[in-house]
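Number of protein chains: 2
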Amino acid sequence: MCGMADTIDYPQLALDDQICLPLYATSRAVTRRYADLLSEVGLTYPQYVCLLALWDADAPLAVGELGARVHLDSGTLTPLLKRLEQAGLVTRTRDAADERRVRISPTERGWDLRAQVADVPARLVAGLGVTEGDARTLRSLLDRLLTGLEAPAR
Amino acid sequence: MCGMADTIDYPQLALDDQICLPLYATSRAVTRRYADLLSEVGLTYPQYVCLLALWDADAPLAVGELGARVHLDSGTLTPLLKRLEQAGLVTRTRDAADERRVRISPTERGWDLRAQVADVPARLVAGLGVTEGDARTLRSLLDRLLTGLEAPAR
DNA sequence: CACAAAACTATTGCGTGCAATTGAATTGCG
DNA sequence: CGCAATTCAATTGCACGCAATAGTTTTGTG
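Listed in order, the protein sequences are those of chains A and B. Each residue of the first sequence is one higher than the last, beginning at 756 in the numbering used here. Each residue of the second sequence is one higher than the last, beginning at 756 in the numbering used here.
Read the hints as simulated data drawn from the structure, not as lab findings. Glycine residues also receive a C-beta, built at the ideal position from the N, C-alpha and C atoms. Warning: the hint list may mix true and false statements.
[Said to hold, decoys possible] Per the computed footprint, the stretches of chain A lying under chain B, defined by three or more beta-carbons under 8 Å from a beta-carbon of chain B, are: (1) 763–770; (2) 779–791.
[Unchecked claim] Partner residues aside, some chain B positions facing chain A, computed with beta carbon under 7 Å: (3) ALA784; (4) HIS826; (5) VAL857; (6) LEU893; (7) GLY903.
[As the list claims (entries may be wrong)] Estimated spans, in silico, between C-beta atoms of each pair: (8) GLY819/A <-> THR846/B: 44 to 54 Å; (9) ARG849/A <-> ASP771/B: 27 to 37 Å; (10) GLN871/A <-> GLY819/B: 29 to 39 Å.
Given the sequences, and given the hints that come with them, work out the whole structure.
In structure tokens form, the structure reads like this:
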């Protein structure tokens with residue numbers, strides 16, 4: 756009636772068949788759960804991820820190097836890092852050897868934070884009923900997807 | 756040296772061991788890829804997801820019902836739906852039987868759009884090297900995760 | 001050395017996400 | 001019926017994401 760087609764006519768657009776929606780919803784649900792745990796130390800989830808990368812690095816990372824590790828660009832990172840700087844958790848310093856670069860280093864308080872969030876991953880996973888094997892499977896699928904998605908789009 | 760602990764001391768915080776990051780990065784990569792395809796018809800990815808839900812529904816959805824399907828709340832949906840209304844793709848009407856509710860219906864142009872995006876899911880998956888089985892596994896894992904995450908946090 | 005191309009971070013503008021709050025409409029209970 | 005509790009959408013405020021652009025600095029080439 757009225758000429759409008761049923762979903763039957765577009766099975767590929769049925770909401771329940773989309774993979775993108777569970778991926779999108781789950782990712783945001785994880786971020787929300789992290790936000791609960793991280794609010795205790797005043798961090799957002801993207802800020803936490805950046806600190807993980809900085810803690811991991813052997814030397815102070817440039818903005819672009821950090822971005823490659825966390826898959827974010829300078830448009831997102833610059834203001835985020837300024838907020839971390841305001842919070843006294845990192846320093847931003849022009850690289851003397853290459854004045855285009857800005858190197859990010861955790862401050863002493865930034866390093867100290869690591870102990871305070873050490874239990875966050877375990878607390879997040881607790882009660883989710885995800886086994887170690889599930890986690891490996893999921894990681895493997897996501898890594899493959901991500902690689903394909905970040906390759907130049909033909 | 757300097758008293759700062761190595762990542763070795765916090766293995767659970769090693770960036771490469773986090774599942775949250777691939778999940779987060781992959782979800783955004785999918786959204787970006789959709790954005791490329793949807794820009795042709797002037798839609799953002801969340802707008803597209805909302806239209807999928809509206810197209811799927813048997814009757815005009817209230818904002819809250821739509822939100823339950825796409826996992827978004829009124830704080831996000833109200834402005835998004837106003838933009839879809841401005842674009843002439845949906846109407847927003849107070850429910851006469853319950854004036855608290857606002858019912859969302861695609862306009863004729865909103866229904867027409869369905870044909871224009873019919874090939875989007877296939878174009879997105881093309882070349883990603885993900886099999887039907889992979890997709891099922893991924894969906895199953897994500898659904899379980901999402902259920903656990905949206906359950907009240909103990 | 002000169003200078004165009006490339007690399008790199010910062011800025012702008014817009015659209016989410018989401019917690020918290022507000023305000024109106026409805027429900028449920030005495 | 002009366003009215004407090006609940007439901008619902010809208011608003012506010014803040015932090016992303018990201019495309020596009022701008023502005024420096026460096027690199028590569030003649």
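Hints, verified against the model:
1. 763–770: holds (count 5)
2. 779–791: Check passed, 12 qualifying residues.
3. ALA784: With a minimum Cβ separation of about 4 Å from chain A (threshold 7 Å), the hint on ALA784/B holds.
4. HIS826: 4 Å, holds
5. VAL857: 20 Å, violated
6. LEU893: 5 Å, holds
7. GLY903: 4 Å, holds
8. GLY819/A <-> THR846/B: 44 to 54 Å: Taking Cβ atoms as reference, GLY819/A and THR846/B lie about 46 Å apart, which means the hint holds.
9. ARG849/A <-> ASP771/B: 27 to 37 Å: Holds, at about 29 Å.
10. GLN871/A <-> GLY819/B: 29 to 39 Å: 37 Å, holds
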